[in-house]
Every structure is written in structure tokens, then in C-alpha cells.
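Protein chains: 2
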Amino acid sequence: MLGTVLYGPRDVRCEEVPEPKLLHPTDAIIRLSASCICGSDLWPFRGLQDIPSSMAMGHEYCGIVEEVGGAVATVKPGQFVVGSFCISDNTCPHCRRGFQSSCQQREFMTGAQAPRARVPLADGTLVATKELPADDLIPSLLATSDVLGTGWYAADAARVEPGATVAVVGDGAVGLMGVLAAKQMGATRIIAMSRHKARQDLALEFGATDIVSERGDAGVERVKSLTAGVGADSVLECVGMKESMKQAIECARPGAMVGYVGVPHGVELDGEQLFFSQRGLMGGPAPVRRFLPHLIDLVLERKINPGKVFDLTLPLADVAEGYRAMDERRAIKTLLRL
Amino acid sequence: MLGTVLYGPRDVRCEEVPEPKLLHPTDAIIRLSASCICGSDLWPFRGLQDIPSSMAMGHEYCGIVEEVGGAVATVKPGQFVVGSFCISDNTCPHCRRGFQSSCQQREFMTGAQAPRARVPLADGTLVATKELPADDLIPSLLATSDVLGTGWYAADAARVEPGATVAVVGDGAVGLMGVLAAKQMGATRIIAMSRHKARQDLALEFGATDIVSERGDAGVERVKSLTAGVGADSVLECVGMKESMKQAIECARPGAMVGYVGVPHGVELDGEQLFFSQRGLMGGPAPVRRFLPHLIDLVLERKINPGKVFDLTLPLADVAEGYRAMDERRAIKTLLRL
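Residue numbers (the numbering used here), protein chains in the order written: chain S, 54 to 391; chain Z, 54 to 391.
What the hints contain is simulated information worked out from the structure, not anything from laboratory work.
Keep in mind that the hints are not guaranteed to be accurate.
Reference excerpt, derived from the structure (chain Z facing chain S, CB under 8 angstroms, subset only) [claimed, not checked]:
| id | residue |
| --- | --- |
| 1 | H147 |
| 2 | F329 |
| 3 | L334 |
EDC-like, lysine to aspartate or glutamate: derived pairs with alpha carbons at most 16 angstroms apart [stated by the list, open to error]:
| id | chain 1 | residue 1 | chain 2 | residue 2 |
| --- | --- | --- | --- | --- |
| 4 | Z | K295 | S | E321 |
| 5 | S | K299 | Z | E321 |
| 6 | Z | K236 | Z | D270 |
| 7 | Z | K295 | S | D323 |
| 8 | Z | K295 | S | E325 |
| 9 | S | K299 | Z | D323 |
| 10 | S | K295 | Z | E321 |
| 11 | Z | K299 | S | E321 |
| 12 | Z | K299 | S | E325 |
Backbone N, C-alpha and C fix where the C-beta goes; we use that ideal spot for every residue, glycine too.
Can you build the whole structure from these sequences, using the hints too?
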């Protein structure tokens, strides 16, 4: 079959790869309904993350179960499933507490920019729907696998509450999903920080009430002035850079939590500054599995449409162009037809 | 009157100082029932914090109101009051959200190692009791002003819940109050990290169920082994050093909050490490004012006895010996008779 392999900086190829096989009795093989490219795929694509000599790409997935190992009990061939980008057994103490992304058996999904993929720990990782979903829901269901689940976690970690004023730093796909999540959690004021028209428009569609196009100190000042000098009740940091983290902390009011889901690159925090600012931090790889059943329901009930975050659709053969379009910010997020 | 003045490293003196006067109509003058020395007073005493040429010491206080400014409405002469070490108006947005230690008019109390003191923003800062308390309750009421309120905040910020397993890093007075707070909040397992017999005993008396005398990696391993490899549900960091913060983060389970109340000295946090560890942080100067009414009630109802943390009592004239005894860890906390 065709699959996506990264060989080095900016060298991503669609090429013939081996068909996935069951390796453990807890595995499942799924036929993907669609695949996509994640913002985090751009780190190794840009050479900002070390990789082995080659790396099978893709960790967001949904599709039809084709085959399961002998120990798999909760999903069966023919079912439509969505899984998290974090593989988890969903039974260990960390999973039971809702932090499946820190599962004692955690693995990260790979090889899902391809028509078929192996999912380890299928019972713990996959969530099956009762019926096969309508085709037009596939992009939104795919989004729950990572990008929506991650934006949702940012809002959860930032402890967004009904009536809250929320600031979202980062207008990438995750940030936009953070806006959607904050809206669903009842935030009444959602300040999206973005200076790109298309992303501003999508943020407004997902529930943003205010757009702040300034960055850095000017952006912080703008958020402060929008909140009568107080700052936001919750802040979602969806980038992972030093500047964005600083901006997120400073946009928050004292006592507020900053939920951060952008993998930090070069972020150092000064303990004394953080202490006297009295802002809290919570983040990490999103425990998407905790949220999946709820997010899938919201999509199936057509209450949310996170699939709108895909503004470019390409056939798998053109995956390299999908990476380039996102790298150059010509696309927010690329859906891959299989 | 006599008062306590720090002139430089290890040069603290009890000497004649001017009587406090009302400077603003929102001030109150109180006659202190007792005073004490705080662990944080040791930072400038040790020369680890820059100070002006001289500094009036003391920020923990309770006593009888002697005089109030014309704008003070809620306390009156003759009442017994306790106030926070953070001066706050208790009406600004940060105060109303329970973060009085980030009040828009915040000041830090000074000059309370003396028989009388000026309390700014008296209406927002002071809490009056209905009646004059019994003399034997004075040490415990004094403790609510900072040391107990700060330990309580550590537990609050760490989101201690009923049934939780809690680890407390630091066996100073604040750490011991953190043990007491965790117990009051319903923690069923409280692991106190201490290697000093007297402090271990007091921790056990305040509610600790386990003592870990190892530090650093060995201490973390011990907490892990006591929790079946999982880590603590909540961790209280009550020291403020690089090593203690690292130990606190590593003792926590994924998804847990570390409440940190020791003013960080030389603490740098690596964003990527914190991200993948999936531990949250919340801390800062404790918003004691939020907790004061509840803590005062607990003391007046004799449900808690935080005053036991004072293991040395000296007359004000011997304040310098009080500092030395705490600096050399001969005393946990020094009460000053006035």
C-alpha cells in the first residue's frame, strides 16, 4: 500500500510501505476513512525534532475495523472507530484518573497517513460508534482523534467554566479547536489571538467574540483592556514557543490556569516570576481518550463541526504538498483522501 | 516602643522605633496579642534577598484594634482581629475571585514584630472575632495570619480532595501546616517528607500517615513505592528550592497539581519536561484573606491547634535569638511575647 514516510527535513514522501499486520493479540487493523496532517508533524518536517533515519508519519485516524487480535474484546471487524493519537490501555491508574496520555503502557500512534494502520491496545484506545456515520461527518470525527481533543484538553486544563472570559493564544488548528471547546464549555467571552483573516473568520465561526491581532506585549495590553485590566479567567496556550507561553501567562488574571498543549520548544519558566504572577499551569499530551465518547456524540448529533478546520483536501499521493501548505501557512490543516 | 529592625545579613535588632500612626483614613492601629518570626524572614536575614538600608520586620499579627481611620467601617476599637500578611481591599476583581494576595492595591505587611502596628486597608484585610478569644488560643490565631493560611493555600492550590493521597515536601512550619490542611480537607494518606525527629513527630500529630526521610531521587522512589508506583494525587511544595521543586513534581502522579508556596529561589522549569511529565503547578503568595474566616472558626471551635508549630517562645527583646534558632533549625517557629 502507499504510506507517508519522513526521511529528513522537508523530505516527506508518499511511497510503497508494507501492509500493517497484527503484532500483538491486543492489536487491531483499521481501514482509515480519511487521514490528515498534524501541526506537530511540522516539527520533524522542519528539522526541529530529531528523527531516526526514516519515520512513518500520521497519528490521527478513524475508520473501519478490519481485523483484531485474539485478546481484543470491545471492538470487532466492521465497526467504525475513532482512537486517540496516544495509545492507552484505559485500565491503569493514570487512565482511570483520566490521564490516558500518561498511560503506564503509553505509545504514540504512527503510520496513520496511509489507507490502513495498526492500532495497539485496541480495547483501551478505540471508541466504536453504534452505527456507521454519514460520510460528511468523517472530517469532524477524524478531528476528534487529536486536534479537537487537544484543543479540548487545553480548555479543560485551563478550567474553563460557564460564563468565563477565555483567551486563546495560537490560531493554528489546535487554537481554533480551543475556541470551539471553550464555547462548548460555556465561556461567554472568547478572545482569539490571530492576525490571519481566514483564521480570524473561522475563530469567529467557532465562537470567538473578540479578535486580538496584536502579539507580545501589545497583545497582552489589548487583552487587558478588553477585560477592564483584569485579564482572562482561563488561557489556552496552543503554540509552544517561549513568546507564546509568556503571552499566555500575562493574559491570564491572577489565580487563572493556563492550559498549554503546544509541545514547548525552548520554553524556560522562571519560578519566582511564575510565583508572584500567581498564574497556574497545566498541560501535556492531551488525554483525548477521556473526551472521545463525548466529542464523538457532539459530532454525531451535529452540535459541533470541527471538520471545518480542514481547509485543504489532497489525495494521499500529494501528502508532501499538504505538509508544505501547512508549513507555509497556506493551509490551516490538510485532510488526506485515501 | 520596641520593634524589630533588620540592618543587613544576620544583623537583626530589637530597638526603639516610632509608635505607628494612622497614615490613611483606611488604616487601623492594632495592639498585637503576640508576634512571631516567619520562615520567609530568614531569606533577608541570611542575605539571600536584597533589602534597603534597614527594614522593619514582622508580617504575622493578631490583636486588639486601638484606633481606626475615618474611612474604616467594619472593625472598631476593642475588637480582636486577625489579618493576612498581604494587605488587600477585598473588593477588587482579584480579591472577589479569592486571590486577595494579588489585590490591585496589594501591599505586604511590615513592622509586626512589635507591640503595635499599622494595618493599611483595614476593612479589606482584617477579620474580627465576635468575642475576645481565650488567651490559650492566641498562638493558633496568630498562625492563621500567614503560616497556616500559606500551608492551607498549598493544599488548596494542589487541589487536595477527600480520600486523596498527598505528599508534602518541606518540614518547616509551612509544610507542617500543609499536613494539617490536607488532613482537614479529607486526605486519607499524607506523606510528610522530613528527616528531623521533632518535625516528624509534629507532622504525625497534625495528620501525616507516612514519613519519608529520604530526599531527592531516593525520596521520590520512596513516595512512588508507597503509592504502588503511581505517585501522589496532590503535592505541596513548601520550600522554594530547585531540588525541592523537582522532588515535588516527580512525587506527583500525572494530572496532579503541585501547590507551591515556598518563594522560589533559583528555580527554573523546563517547559518540555513539565509538559511530558503532565504535572500542573499553581502557587504564589497565599490569599490568606480568603481562608481566614474558616480558619479562625476552626481555631475558635478548637478543631485544630496550629499554634503547636511554635516550639520556641521568647520575649521581643530576644528576637535576634529567635531568628538564629530558626536559621540553625533549632526551632521550627518562634513566638514572640510582647
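Status of the H147 of chain Z interface restraint (C-beta, 8 angstroms, chain S): Check passed: Cβ of H147 of chain Z comes within 5 angstroms of chain S, closer than 8 angstroms.
Given hint E325 of chain S paired with K295 of chain Z - CA-CA distance at most 16 angstroms: 11 angstroms, holds
Proposed proximity, E321 of chain Z with K299 of chain S (alpha carbon, max 16 angstroms): Distance ~14 angstroms between K299 of chain S and E321 of chain Z Cα, so the pair holds.
Distance restraint between K299 of chain S and D323 of chain Z, which requires alpha-carbon spacing of 16 angstroms or less: 14 angstroms, holds
Restraint status (C-alpha distance of K295 of chain Z to D323 of chain S at most 16 angstroms): Holds, at about 11 angstroms.
Distance restraint between K295 of chain S and E321 of chain Z, which requires alpha-carbon spacing of 16 angstroms or less: 14 angstroms, holds
Agreement of K299 of chain Z and E325 of chain S with the hint, judged by alpha carbon distance not exceeding 16 angstroms: 15 angstroms, holds
Minimum beta-carbon distance criterion (8 angstroms), F329 of chain Z to chain S: 6 angstroms, holds
16 angstroms limit on alpha-carbon distance, applied to hinted pair K236 of chain Z and D270 of chain Z: 26 angstroms, violated
Hinted pair K299 of chain Z and E321 of chain S, Cα distance within 16 angstroms: With a Cα-Cα distance of about 14 angstroms, the restraint between K299 of chain Z and E321 of chain S holds, given a limit of 16 angstroms.
Given hint E321 of chain S paired with K295 of chain Z - CA-CA distance at most 16 angstroms: Satisfied, since the Cα-Cα distance of roughly 14 angstroms is no more than 16 angstroms.
Hint check, L334 of chain Z versus chain S [nearest Cβ-Cβ separation less than 8 angstroms]: Hint on L334 of chain Z: holds, closest Cβ of chain S at ~5 angstroms, below 8 angstroms.
Violated hint: 6 only; the structure is consistent with all others.
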